[in-house]
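Based on these hints, arrange chain B on the given structure of chain A.
So the protein sequences, as listed, match chains A and B. When the letters of the first sequence are read in order and numbered with the numbering used here, they come out as residues 1 to 158. When the letters of the second sequence are read in order and numbered with the numbering used here, they come out as residues 1 to 328.
It is possible that part of the hints are untrue.
Said to hold, decoys possible - List of simulated lysine-lysine pairs, DSSO-like, C-alpha gap at most 30 Å: (1) K127/A x K95/A; (2) K127/A x K321/B; (3) K78/B x K59/A; (4) K78/B x K49/B; (5) K95/A x K78/B; (6) K192/B x K141/A; (7) K3/B x K141/A; (8) K59/A x K36/A; (9) K217/B x K186/B; (10) K59/A x K141/A; (11) K78/B x K192/B; (12) K109/B x K95/A; (13) K47/B x K217/B; (14) K141/A x K214/B; (15) K109/B x K59/A; (16) K3/B x K192/B; (17) K47/B x K27/B; (18) K95/A x K214/B; (19) K325/B x K127/A; (20) K5/B x K192/B; (21) K325/B x K186/B; (22) K36/A x K127/A; (23) K59/A x K127/A; (24) K109/B x K78/B; (25) K59/A x K192/B; (26) K109/B x K141/A; (27) K321/B x K59/A; (28) K95/A x K321/B; (29) K95/A x K217/B; (30) K325/B x K59/A; (31) K78/B x K141/A; (32) K3/B x K186/B.
Unchecked claim - One-sided excerpt, in silico: chain A residues whose CB lies under 10 Å from chain B: (33) A38; (34) N40; (35) I44; (36) D53; (37) F56; (38) M87; (39) R89; (40) L93.
Derived by calculation from the structure, the hints in this document are not laboratory data. The model shown is predicted, which means the values in this text are computed figures rather than measured ones. We put the CB at the ideal spot given by N, CA and C, even for glycine.
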Amino acid sequence: MTDTPETQTFEPVIIGFTCNWCSYRAADMAGTARMKYAPNVRLIRLMCSGRLDPTFVLKAFAGGADAVLVSGCHPGDCHYINQNYKMLRRFHLLKRVLQQMGIEPERIKLLWASAAEGAIFAEEINKFVEQVRPLGPLNWKPGNGAQVEAPVHEEVPA
Amino acid sequence: MSKPKFAMYWAASCGGCEIAVLNIHEKILDVDANFEVVFWPVAMDAKYKDVEAMEDGSILLTLWNGGIRNDENEHLAKLLRRKSQILVAFGSCACEGCIPGLANFSPLKEIVDTAFSTLSTDNPDNVRPQPHYEMPEGAIHIPTLLPVLKTLDQVVDVDYYMPGCPPESHQIAAVIDLVIQVVQGKAQLPPKGAVIGAGNSTVCDECPRKRNVKTIKEFGRIQLMQADPELCLLEQGIPCNGPATRSGCNARCPSAGAQCIGCYGPAEGVVDYGARLLSAFASVIDSNDPAEIDRILDGLVDPAGQFYRFNLAGSLLRAAKPAWKSGD
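The following block holds chain A by itself, in its conformation from the complex:
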């Protein structure tokens, strides 16, 4: 979908996974500092970004999310030594799989945010919402497709 009047007013639903020690604290800081940012992200707190099972992301998309944000401590800052690197490797592979499934890479974002980076967190969410908006709703519903006749019944040119 391109930038049409419909997509300009479209409010994407974004599921955001944050870690307990850095990125969730960043969101907390943005809140206590009363920074305003787009209300489109529903945050889910995990103990660590390394806890992010790719199943969560697939379930979010299958359940109607338009985009997914994955957020964790900066590389080297992980509370559990190196689990955010594990997430990083998974994220790169997941992005490739999602692309093959027809989910645009712009619908998934990785964001490193420390507990002190409330402003950066808020700003990045605003940017992400604007990145997803022109794509329109994802509206994943592969099971509901009615029987199609069109491609099979196509009139054959004489």
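Structure of chain B alone, referenced to chain A:
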């Protein structure tokens, strides 16, 4: 006393499951001794109207193999569900879509074009099958394709799942033995929804290869390299689906020197097969640098095909967007 009734049906499948049933050798005589086979298109002549005429619930056991690809499959699934007391999703196609389910990567038009208009197809008038056609003798019909392939339990209620492509013959024999014992009142059926004829662990647990938690700098293809015969294949960079796949086959492929391709479907407790495998593959990559991670991942030529080879229709996403969009 009349014998309990048995049926077996194939939908979108290759016929391998039927062969696997015959591969139980003389055990097939036990099936005949204990059951009356009322409907089994590959083995005997029977008409759909014969099934329709049966009383609801009159068939004790129906083994269903194949995915739901067209409206005929869907009709038969609903019909046999009504007529059967126990409906088993038999084999990978019925459980999770299997190879026919890979069509869920492509829109319907592309599938039909591939079948009828490739270079090797002799079809100069570009003819397409017409589901409804008026002939001078009357109207004729063939089944209409659904936009995406569905698994059996996406269409009807399923009592048991028997995975495998095809299920191993010794597992089929064990299940048939169990059902006969149940009929004779000597055993109890497992709880509804159970996976039967398979293990509860992963292929890795049955695999004789050695693991030493090694990580890799490169993925390779087994046909292009000299694989160590004793070391874990994944640790050699060979994409092996063992970590996410249900046990039950005695790790046949890795024992024989080939990678597991995942035909026994998701292991116990795995919600999305591909997601579990994705995590396993990502965990052997030896790098913290995004650019290097990407370079290593380039060695996996078709990750979605690798992760969902047998499980696309049964996965959380079920089909790629262009495929299900073709049904809108």
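Results for each hint:
1. Proposed proximity of K127/A and K95/A is supported: the alpha carbons are some 19 Å apart, at most 30 Å.
2. Distance hint between K127/A and K321/B is fulfilled; the C-alpha atoms sit about 25 Å from each other, no more than 30 Å.
3. A hinted pair counts as satisfied when its Cα atoms are at most 30 Å apart, and K78/B with K59/A qualifies at roughly 28 Å.
4. A threshold of 30 Å between alpha carbons decides the hint, and for K78/B with K49/B the separation of about 14 Å falls inside it, so the pair holds.
5. Between K95/A and K78/B, the direct Cα distance comes to roughly 38 Å. Violation of the 30 Å bound is thereby established for this hinted pair.
6. About 28 Å separates the Cα atoms of K192/B and K141/A, which keeps this hinted pair within 30 Å; it holds.
7. Among the hinted pairs, K3/B with K141/A is inconsistent with the structure: their alpha-carbon atoms are about 44 Å apart, more than 30 Å.
8. The suggested pairing of K59/A with K36/A holds, with an alpha-carbon distance near 29 Å, which does not exceed 30 Å.
9. A C-alpha spacing of about 55 Å is found between K217/B and K186/B, which places the hinted pair above 30 Å, so the restraint is violated.
10. With a CA separation close to 12 Å, the supplied pair K59/A and K141/A stays within the 30 Å bound.
11. Proposed proximity of K78/B and K192/B is supported: the alpha carbons are some 18 Å apart, at most 30 Å.
12. With a C-alpha separation of about 26 Å, the suggested pairing of K109/B with K95/A holds against the 30 Å cut-off.
13. Distance restraint check for K47/B and K217/B: the Cα-Cα separation of roughly 58 Å exceeds the 30 Å cut-off, and the hinted pair is therefore not satisfied.
14. At most 30 Å may separate the alpha-carbon atoms for a hinted pair to count; K141/A and K214/B exceed this at roughly 40 Å.
15. For the suggested pair K109/B and K59/A, the alpha carbons sit about 28 Å apart, so the restraint of at most 30 Å is met.
16. Distance restraint check for K3/B and K192/B: the Cα-Cα separation of roughly 23 Å lies within the 30 Å cut-off, and the hinted pair is therefore satisfied.
17. For the proposed pair K47/B and K27/B, the alpha carbon gap of about 27 Å is at most 30 Å, so the pair holds.
18. For the given pair, K95/A sits about 24 Å from K214/B by alpha-carbon distance, which is consistent with the 30 Å threshold.
19. For the given pair, K325/B sits about 28 Å from K127/A by alpha-carbon distance, which is consistent with the 30 Å threshold.
20. Pair hint K5/B plus K192/B holds up; C-alpha atoms about 20 Å apart against a cutoff of 30 Å.
21. About 50 Å separates the Cα atoms of K325/B and K186/B, which puts this hinted pair outside 30 Å; it is violated.
22. Distance restraint check for K36/A and K127/A: the Cα-Cα separation of roughly 13 Å lies within the 30 Å cut-off, and the hinted pair is therefore satisfied.
23. At roughly 24 Å between alpha-carbon atoms, K59/A and K127/A fall within 30 Å of each other, so this suggested pair holds.
24. About 27 Å separates the Cα atoms of K109/B and K78/B, which keeps this hinted pair within 30 Å; it holds.
25. Proximity of K59/A to K192/B is assessed by CA-CA distance (about 25 Å); at most 30 Å being required, the pair is judged to hold.
26. Between K109/B and K141/A the CA atoms are separated by roughly 19 Å; this keeps the pair inside 30 Å, and the hint holds.
27. Among the hinted pairs, K321/B with K59/A is consistent with the structure: their alpha-carbon atoms are about 15 Å apart, no more than 30 Å.
28. Taking the CA atoms of K95/A and K321/B, the gap is near 15 Å; set against the 30 Å cutoff, the hint holds.
29. Taking the CA atoms of K95/A and K217/B, the gap is near 20 Å; set against the 30 Å cutoff, the hint holds.
30. At roughly 19 Å between alpha-carbon atoms, K325/B and K59/A fall within 30 Å of each other, so this suggested pair holds.
31. The suggested pairing of K78/B with K141/A holds, with an alpha-carbon distance near 22 Å, which does not exceed 30 Å.
32. Distance check on the hinted pair: K3/B and K186/B sit about 16 Å apart at the alpha-carbon level, within 30 Å; holds.
33. About 25 Å separates the beta-carbon of A38/A from the nearest beta-carbon of chain B, more than 10 Å, and the hint is not met.
34. Checking N40/A against chain B by beta carbon gives a least distance of about 21 Å; that is not within 10 Å, so the hint is violated.
35. With its C-beta approaching chain B no nearer than about 16 Å, I44/A sits outside the 10 Å limit, and its interface hint is violated.
36. Because the closest C-beta pair between D53/A and chain B is about 6 Å apart, less than 10 Å, the hint holds.
37. The restraint placing F56/A at the interface with chain B holds, with a minimum CB-CB distance near 8 Å, inside the 10 Å limit.
38. The beta carbon of M87/A comes within 9 Å of a beta carbon in chain B, closer than 10 Å, and the hint placing it at the interface holds.
39. A hinted interface residue such as R89/A counts as satisfied when its beta carbon comes closer than 10 Å to some beta carbon of chain B; here the least separation is about 4 Å, so the hint holds.
40. Interface restraint check: L93/A against chain B, minimum CB-CB distance 5 Å, threshold 10 Å, status holds.
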